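There are 2 protein chains.
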Amino acid sequence: MAAALALAARTRGRTAPNPNVGCVIVSDGRVVGRGWTQPGGRPHAEAMALAEAGAAARGATAYVTLEPCAHRSPRGPACADLLVAAGVARVVAALTDPDPRTDGAGLARLAAAGIAVSTGTLAPAARESIAGFLTRRTLGRPQVTLKLATSLDGCIALADGESRWITGAEARAHAHLERARHEAILVGRGTREIDRPRLDVRLPGLENRAPQRVILSSRLVDAPGCTVIASPADIATLPGDHLLVEGGAGAASAFLAADLVDRLLIYRAPILIGGGRAALGDIGLASLADAHGRWRLDDARALGSDRLETYVRQR
Amino acid sequence: MAAALALAARTRGRTAPNPNVGCVIVSDGRVVGRGWTQPGGRPHAEAMALAEAGAAARGATAYVTLEPCAHRSPRGPACADLLVAAGVARVVAALTDPDPRTDGAGLARLAAAGIAVSTGTLAPAARESIAGFLTRRTLGRPQVTLKLATSLDGCIALADGESRWITGAEARAHAHLERARHEAILVGRGTREIDRPRLDVRLPGLENRAPQRVILSSRLVDAPGCTVIASPADIATLPGDHLLVEGGAGAASAFLAADLVDRLLIYRAPILIGGGRAALGDIGLASLADAHGRWRLDDARALGSDRLETYVRQR
Numbered sequence: 001m002a003a004a005l006a007l008a009a010r011t012r013g014r015t016a017p018n019p020n021v022g023c024v025i026v027s028d029g030r031v032v033g034r035g036w037t038q039p040g041g042r043p044h045a046e047a048m049a050l051a052e053a054g055a056a057a058r059g060a061t062a063y064v065t066l067e068p069c070a071h072r073s074p075r076g077p078a079c080a081d082l083l084v085a086a087g088v089a090r091v092v093a094a095l096t097d098p099d100p101r102t103d104g105a106g107l108a109r110l111a112a113a114g115i116a117v118s119t120g121t122l123a124p125a126a127r128e129s130i131a132g133f134l135t136r137r138t139l140g141r142p143q144v145t146l147k148l149a150t151s152l153d154g155c156i157a158l159a160d161g162e163s164r165w166i167t168g169a170e171a172r173a174h175a176h177l178e179r180a181r182h183e184a185i186l187v188g189r190g191t192r193e194i195d196r197p198r199l200d201v202r203l204p205g206l207e208n209r210a211p212q213r214v215i216l217s218s219r220l221v222d223a224p225g226c227t228v229i230a231s232p233a234d235i236a237t238l239p240g241d242h243l244l245v246e247g248g249a250g251a252a253s254a255f256l257a258a259d260l261v262d263r264l265l266i267y268r269a270p271i272l273i274g275g276g277r278a279a280l281g282d283i284g285l286a287s288l289a290d291a292h293g294r295w296r297l298d299d300a301r302a303l304g305s306d307r308l309e310t311y312v313r314q315r
Numbered sequence: 001m002a003a004a005l006a007l008a009a010r011t012r013g014r015t016a017p018n019p020n021v022g023c024v025i026v027s028d029g030r031v032v033g034r035g036w037t038q039p040g041g042r043p044h045a046e047a048m049a050l051a052e053a054g055a056a057a058r059g060a061t062a063y064v065t066l067e068p069c070a071h072r073s074p075r076g077p078a079c080a081d082l083l084v085a086a087g088v089a090r091v092v093a094a095l096t097d098p099d100p101r102t103d104g105a106g107l108a109r110l111a112a113a114g115i116a117v118s119t120g121t122l123a124p125a126a127r128e129s130i131a132g133f134l135t136r137r138t139l140g141r142p143q144v145t146l147k148l149a150t151s152l153d154g155c156i157a158l159a160d161g162e163s164r165w166i167t168g169a170e171a172r173a174h175a176h177l178e179r180a181r182h183e184a185i186l187v188g189r190g191t192r193e194i195d196r197p198r199l200d201v202r203l204p205g206l207e208n209r210a211p212q213r214v215i216l217s218s219r220l221v222d223a224p225g226c227t228v229i230a231s232p233a234d235i236a237t238l239p240g241d242h243l244l245v246e247g248g249a250g251a252a253s254a255f256l257a258a259d260l261v262d263r264l265l266i267y268r269a270p271i272l273i274g275g276g277r278a279a280l281g282d283i284g285l286a287s288l289a290d291a292h293g294r295w296r297l298d299d300a301r302a303l304g305s306d307r308l309e310t311y312v313r314q315r
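If you read the protein sequences in the order shown, they are chains A and B.
The first sequence begins at 1 in our numbering and counts up by one.
The second sequence begins at 1 in our numbering and counts up by one.
Please keep in mind that the hints were generated in silico from the structure rather than gathered at the bench.
Since the structure is predicted, the reported quantities are computational estimates derived from the model, not experimental observations.
Where a beta carbon is used, it is the ideal one built from N, C-alpha and C, also for glycine.
Be a bit skeptical, because a hint or two may be false.
[What the hints assert, rightly or not] With a Cα cut of at most 25 Å, we get these calculated SDA-like pairs of lysine to any residue:
no., chain 1, residue 1, chain 2, residue 2
1, B, K147, A, E309
2, A, K147, B, L158
3, B, K147, A, S305
4, A, K147, B, R277
5, B, K147, B, R219
6, A, K147, B, G293
7, A, K147, B, T310
8, B, K147, A, G275
9, A, K147, B, R307
[As the list claims (entries may be wrong)] Facing chain A, from chain B, some residues (calculated, C-beta under 8 Å):
no., residue
10, P100
11, I115
12, S118
13, L122
14, C155
15, W165
16, S253
17, L256
18, P270
19, L272
20, I283
21, S287
22, D298
If we strip away everything but chain A, and leave its shape as in the complex, we get (with noise of 0.2 Å):
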């Protein structure tokens, strides 16, 4: 399953409106077929893993990240089908499928196919991989991920404005992958004049797969390509699952103030600023007992000489 979730991550933020899935067929202790939900939502996962499997799925396990679906479309077949058609002999799901057409049918089709089935597998971790899509479903409104880079005194530029670089190439090259995993990225009307950032992605191979450029602005800015939207309020208009805010400090105070953050990303430097340009101002917290209980340390890592914190909102 773990396997699976990785897989998964690949097309994340570039499947909606489906959900990003993996899935792994195994068959006597050996990989067999590996598949993913593919761009743009089609082909399925499991769907890719079978094609690859070919004869070698029969009687084979196949670990999925969500239930497989139970609803054909003018776009492919049911997943449930295909996986019976195969002849797979157990299918290991993390998640059921939240989908109305869906929702423990697509199991119930495998169990009356004789074939054995379970939930529940990881679960925590591939509601995380599918949190855009599950958002998306649940609050109508795209994961929304704010992304800071600060000193160890929580600066993200000097007194002057100067803010390059606080932190490393390392740790700027995982900013950038992170926008490839986004459809739209969001910079306040401030940030975009004076910093005027590119938003797109510069690494190699991936320089196609630039977001969705957003600016947040309560005034009309002259932003070609760029969608403008008046308040973190209106992100439900915006397209795709999963959007990045990457600054400034009033657009990341202002979807705070919202409680529009689901993930936070902290790049943070080995370096004291003071005095400096604070990461955020004011997110209209009332007493420090209110501030806690919030946020929860998903993963911690190193990038270079930096650190990247993961935190996610605890709802």
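Add chain B to chain A, keeping to what the hints say.
Chain B only, in chain A's frame:
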């Protein structure tokens, strides 16, 4: 040697003017003696370990975090002589003793008696373990540790001053343990007058280990029982080899601006404050390039839901 270093840490902050040293004596693969510099500086680690080992020290290996001393004093014999008399076969030292009364003479005396000697094992960790002693010897002042307790966005309080509590019980207990490892603890005048910190050690069994309280103030203050210094440059006069700077932002910034911080303890809670009080004010940084290359991460650990990172100044 790692075990000897753990023993050496027991009396960090209580052995000045002597270094805090650890010693483990091993015979036939078994630990037969353990010692560490006692409070006040005597007995030395080797004397304590040899006393525990007794006749078992004959033919054994002694691991010491610092070269055994070669000089007799009214307070005790030379450890090199004790090791020779005990008949140890081998002495493994992490470092040579920079004290001019020893400085290689201890190892030479051991070697002359037919004992196998070596140095360099875990030398970087050993230097860190007696950094206070070495700082006093080389720079004529105590080692300075700056403690910060911040939110993820680098705030030490809400805008209205509320700061209790940012970190949780585990982190606060650890901070009290750090107090017990310092001979002196400093706060700025403002912090003293507003927060009225007790600056004691509120841990069971360590209540009597409160460090000397020091106030940083450029004007006269009425502070019974406290030492007052007018500038960070005055720390040479303070007792002991370890000074803990606990705040507030003004005192922290003054020490950083003077480049008088050797070690940084950052306790971070998984909360965002936004628009709160910054951990630091101006520290005299002219450009980002000057900020880089100064701090190396030495340790990172979880304390409840908080995290502690220890950085060491690269000089």
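To see whether the hints hold, each was checked on the structure:
For a cut-off of 25 Å, the pair hint linking K147 (chain B) to E309 (chain A) stands: about 21 Å separates their Cα positions. Taking the CA atoms of K147 (chain A) and L158 (chain B), the gap is near 22 Å; set against the 25 Å cutoff, the hint holds. A distance of roughly 21 Å separates the Cα atoms of K147 (chain B) and S305 (chain A); the hinted pair therefore holds under the 25 Å criterion. For the hint pairing K147 (chain A) with R277 (chain B), the CA-to-CA distance comes to about 21 Å; that is within 25 Å, so the pair holds.
The straight-line distance between the Cα atoms of K147 (chain B) and R219 (chain B) is roughly 24 Å, inside the 25 Å bound, and the hint therefore holds. Under the criterion of a C-alpha separation no larger than 25 Å, the hint pairing K147 (chain A) with G293 (chain B) is consistent with the structure, at around 24 Å. With a C-alpha separation of about 24 Å, the suggested pair K147 (chain A) and T310 (chain B) falls inside the 25 Å cut-off, and the hint holds. For the suggested pair K147 (chain B) and G275 (chain A), the alpha carbons sit about 17 Å apart, so the restraint of at most 25 Å is met.
For a cut-off of 25 Å, the pair hint linking K147 (chain A) to R307 (chain B) stands: about 20 Å separates their Cα positions. Taken as an interface hint, P100 (chain B) does not check out: its beta carbon lies about 36 Å from the nearest beta carbon of chain A, beyond 8 Å. Hint on I115 (chain B) is violated. Least Cβ distance to chain A is approximately 42 Å, over the 8 Å limit. Hint on S118 (chain B) is violated. Least Cβ distance to chain A is approximately 33 Å, over the 8 Å limit.
Checking L122 (chain B) against chain A: minimum C-beta separation of about 23 Å lies over 8 Å; hint violated. Against a cut-off of 8 Å between C-beta atoms, the interface hint on C155 (chain B) holds, since the closest Cβ of chain A lies about 7 Å away. For W165 (chain B), the suggested interface contact is upheld, since its CB lies about 7 Å from the closest CB of chain A, less than 8 Å. Given hint, S253 (chain B) at the interface with chain A, holds; its Cβ is 6 Å from that chain's nearest Cβ, closer than 8 Å.
Taking 8 Å as the C-beta cut-off, the interface hint given for L256 (chain B) holds, the closest approach to chain A being about 6 Å. For P270 (chain B), the shortest C-beta to C-beta distance to chain A is roughly 4 Å, which falls under 8 Å, so the interface hint holds. Nearest Cβ of chain A to the Cβ of L272 (chain B): about 6 Å, under the 8 Å cut. The hint holds. The restraint placing I283 (chain B) at the interface with chain A holds, with a minimum CB-CB distance near 3 Å, inside the 8 Å limit.
Because the beta carbon of S287 (chain B) sits about 6 Å from the nearest beta carbon in chain A, less than 8 Å, this interface hint is met. Annotation: interface hint on D298 (chain B) violated; nearest CB of chain A at approximately 11 Å, more than 8 Å.
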